[in-house]
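A.B. asks: Start from the sequences and build out the full structure, keeping to the hints where you can.
Going down the list, the sequences are from chains A and B. Numbered according to the working numbering, the first sequence spans residues 1 to 345. Numbered according to the working numbering, the second sequence spans residues 1 to 177.
These aren't lab readings, by the way, just hints derived from the structure by calculation. Each residue gets a CB set at the ideal place from its N, CA and C atoms; glycine is no exception. Heads up, a few of these hints could be off.
[Unchecked claim] Rough simulated footprint, nothing fancy, chain A against chain B, three-plus residues with beta-carbon under 8 Å: (1) 15-24; (2) 33-47.
[Said to hold, decoys possible] Facing chain B, according to a computed beta carbon distance under 7 Å, are these residues of chain A, among others: (3) R68; (4) A71; (5) R76; (6) T89; (7) I93; (8) A111; (9) D139; (10) G331.
[Claimed, not checked] With the Cβ distance kept under 8 Å, some of the chain A side facing chain B (calculated, not the full set): (11) D51; (12) W66; (13) L72.
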Amino acid sequence: MAGQQIARMLSGAWRVAPPVLDFDRNLLDGVRPQLLASGTAGLVWRKIRGDQSMTDSPVADVFRDWYRSNALNSARQQQAIAAIFSRLTENKINPIIVKGWSVARLYPELAARPVGDIDLYVAPEDRAKAEQIVRKLPDFPYHVDFEHLALALSKDTVASVFERSEIRELHGTPVRVLGAEDNLRLLAVHFLQHGGWRPLWLCDVAVALENRPPQFDWKRCLGDDQIRINWVESVLVLAHLLLGARIDDTPAADWIAEFPQWPRESILEKWGRLSIETVGQGYFPPVGSMLKPGNFIRAIRHRWDDSIRATVEAGGRFDNSSRLPMKIRWGLKRAAQFYFPRIEH
Amino acid sequence: MAKLQSKYDVRPIASTDGMIVEELDTELLIYDTARDKAHCLNPAAATVWKHCDGQKTVEELQALIAPEAGAADSRDMIVGCLRDFQRRHLVTGTTGWLDSERQVSRRELLKRVSVTAAVVVLVPLVTTIVAPTPAAAASCLAGGATCSIGSQCCSGNCSGFTCGPPLRPRGRSPRNS
Chain A
1 MAGQQIARML
11 SGAWRVAPPV
21 LDFDRNLLDG
31 VRPQLLASGT
41 AGLVWRKIRG
51 DQSMTDSPVA
61 DVFRDWYRSN
71 ALNSARQQQA
81 IAAIFSRLTE
91 NKINPIIVKG
101 WSVARLYPEL
111 AARPVGDIDL
121 YVAPEDRAKA
131 EQIVRKLPDF
141 PYHVDFEHLA
151 LALSKDTVAS
161 VFERSEIREL
171 HGTPVRVLGA
181 EDNLRLLAVH
191 FLQHGGWRPL
201 WLCDVAVALE
211 NRPPQFDWKR
221 CLGDDQIRIN
231 WVESVLVLAH
241 LLLGARIDDT
251 PAADWIAEFP
261 QWPRESILEK
271 WGRLSIETVG
281 QGYFPPVGSM
291 LKPGNFIRAI
301 RHRWDDSIRA
311 TVEAGGRFDN
321 SSRLPMKIRW
331 GLKRAAQFYF
341 PRIEH
Chain B
1 MAKLQSKYDV
11 RPIASTDGMI
21 VEELDTELLI
31 YDTARDKAHC
41 LNPAAATVWK
51 HCDGQKTVEE
61 LQALIAPEAG
71 AADSRDMIVG
81 CLRDFQRRHL
91 VTGTTGWLDS
101 ERQVSRRELL
111 KRVSVTAAVV
121 VLVPLVTTIV
131 APTPAAAASC
141 LAGGATCSIG
151 SQCCSGNCSG
161 FTCGPPLRPR
171 GRSPRNS
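C.D. replies: Here's what the structure looks like:
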């Protein structure tokens with residue numbers, strides 16, 4: 001199964017010394033489209049670069065090119081981030097950068113992970129002004145997103161998020177990043193919010209988990225909301241089961257044996273289905289391809305069959321109970337969104 | 001003689017305006033933001049490019065690479081390397097001079113120097129690579145992109161199969177307080 005092969009390929013790829021790869025070049029070639037579509041080419045290159053039987057192959061060149069491209073894009077984005085922080089702080093706006101570069105910096109090398117959007121968190125009262133400033137930046141090559149944090153940080157006050165944040169220096173500019181606890185929680189919830197379709201995001205969780213500081217406060221990370229605890233711990237267990245992340249000294253360790261099978265199956269199935277055409281569109285096929293009847297039915301089935309997103313949308317727990325009520329509820333909600341897109345749901 | 005003297009007075013200058021330069025493993029990566037082109041320089045080419053400071057002559061640059069190769073070979077190597085740089089807008093100060101230099105194809109040069117295998121890795125090579133794209137890691141689609149549901153769009157608004165602007169009034173927080 002392609003999803004399992006992708007998981008094997010990425011296992012431990014975020015570490016300084018990635019584990020030796022038990023994979024041959026035909027298998028690599030077989031899952032190349034999914035790996036490229038998943039944004040993990042740089043991680044794959046880190047795993048194969050020490051194996052001459054792999055690097056001699058033209059297949060490997062593609063991964064090396066993406067690894068190089070990641071390095072350049074990171075360097076380019078760092079300049080952009082420094083510029084945007086300078087501009088916002090000049091205007092008395094205090095942003096926090098989340099995901100993207102703030103996670104890429106945790107990998108042993110920036111080339112391991114691609115960076116895309118710049119996701120910023122600002123106090124709600126500053127948001128309109130911040131958006132206006134960003135729009136006025138000349139020739140700014142990155143999309144800046146202020147939308148992403150609602151679900152993961154919804155239980156926290158803005159003040160507490162800022163209080164726990166940390167300052168890192170980037171091209172001489174102070175750049176604020178989330179505290180380690182908030183960061184891990186955000187990455188975990190983000191992975192679920194998007195249905196777990198991208199293996200890169202689970203690698204992000206693994207790298208944040210394994211590089212957490214010694215004083216990491218689990219109580220602060222998990223909070224006291226039982227659903228949120230369940231979600232974060234579920235993602236930690238998934239990172240362990242799918243990618244071999246070390247969770248033996250975390251609160252999620254006791255749950256490994258009893259963890260339900262369906263989330264793992266759902267994620268592997270999505271990973272196996274990734275393709276270049278769907279990059280940036282989640283696991284959904286492009287609209288054009290849905291005009292073919294077969295694709296249309298498949299697309300409907302994939303939407304219906306997304307137990308992970310249905311669970312998150314319903315605010316449910318990841319456990320062994322039936323997903324059917326959540327799927328029905330989510331299906332109705334999406335139908336309403338489709339037919340009445342201008343109404344908030 | 002005067003013409004020969006002018007050839008040796010050439011002092012190439014590495015173009016750095018609008019270039020993002022990153023060292024990766026043993027290679028040097030250069031992204032030309034103005035032309036949206038990315039290049040990869042092997043260690044020998046990287047050495048030459050870094051020393052194109054407008055001070056060093058071609059002879060001095062030639063001495064930096066493959067000192068084991070014969071004078072003619074290393075001359076051809078530096079000329080080929082600077083020609084690659086010029087073609088990719090990575091240096092200035094070589095126009096005119098390069099046109100007057102003998103052109104040796106890379107294949108011919110590699111064939112010639114491969115007699116001494118150790119020298120082959122020292123031949124400066126510049127290759128064009130995939131230009132960096134910000135879309136590779138994006139979790140949502142920007143405005144104007146094709147979509148089928150709202151959650152695909154960064155704005156949360158997919159109208160008529162196109163990501164539109166956010167529907168929420170600006171300045172209002174999603175769910176934070």
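A.B. asks: Next, verify each hint and record whether it holds.
C.D. replies: Hint check results:
Counting residues of the stretch 15-24 of chain B whose CB lies closer than 8 Å to any CB of chain A gives 4, which reaches the minimum of 3, so the coverage claim holds. Counting residues of the stretch 33-47 of chain B whose beta-carbon sits less than 8 Å from any beta-carbon of chain A gives 3, enough to reach three: the coverage restraint holds. A cut of 7 Å between beta carbons decides the hint on R68 (chain A): the least distance to chain B is about 5 Å, and the hint holds. Because the smallest distance between the Cβ of A71 (chain A) and any Cβ of chain B comes to about 5 Å, under 7 Å, the interface hint for this residue holds.
At its closest, the beta carbon of R76 (chain A) sits 5 Å from a beta carbon of chain B; the interface hint therefore holds under the 7 Å criterion. At a threshold of 7 Å, the smallest CB-CB gap from T89 (chain A) to chain B is about 19 Å, leaving the interface hint violated. The closest approach between the C-beta of I93 (chain A) and any C-beta of chain B is roughly 13 Å, which is over the 7 Å cut-off, so the hint fails. This hint holds: A111 (chain A) has a C-beta 6 Å from the nearest C-beta of chain B, less than the 7 Å allowed.
The interface hint given for D139 (chain A) is broken, as the beta carbon of that residue sits about 9 Å from the closest beta carbon of chain B, more than 7 Å. A cut of 7 Å between beta carbons decides the hint on G331 (chain A): the least distance to chain B is about 12 Å, and the hint is violated. A distance limit of 8 Å between C-beta atoms decides the matter here; for D51 (chain A) the minimum to chain B is near 15 Å, and the interface restraint is violated. Because the beta carbon of W66 (chain A) sits about 7 Å from the nearest beta carbon in chain B, less than 8 Å, this interface hint is met.
At a threshold of 8 Å, the smallest CB-CB gap from L72 (chain A) to chain B is about 4 Å, leaving the interface hint in force.
The structure fails to meet hints 6, 7, 9, 10, 11 from the earlier list, while all remaining hints are met.
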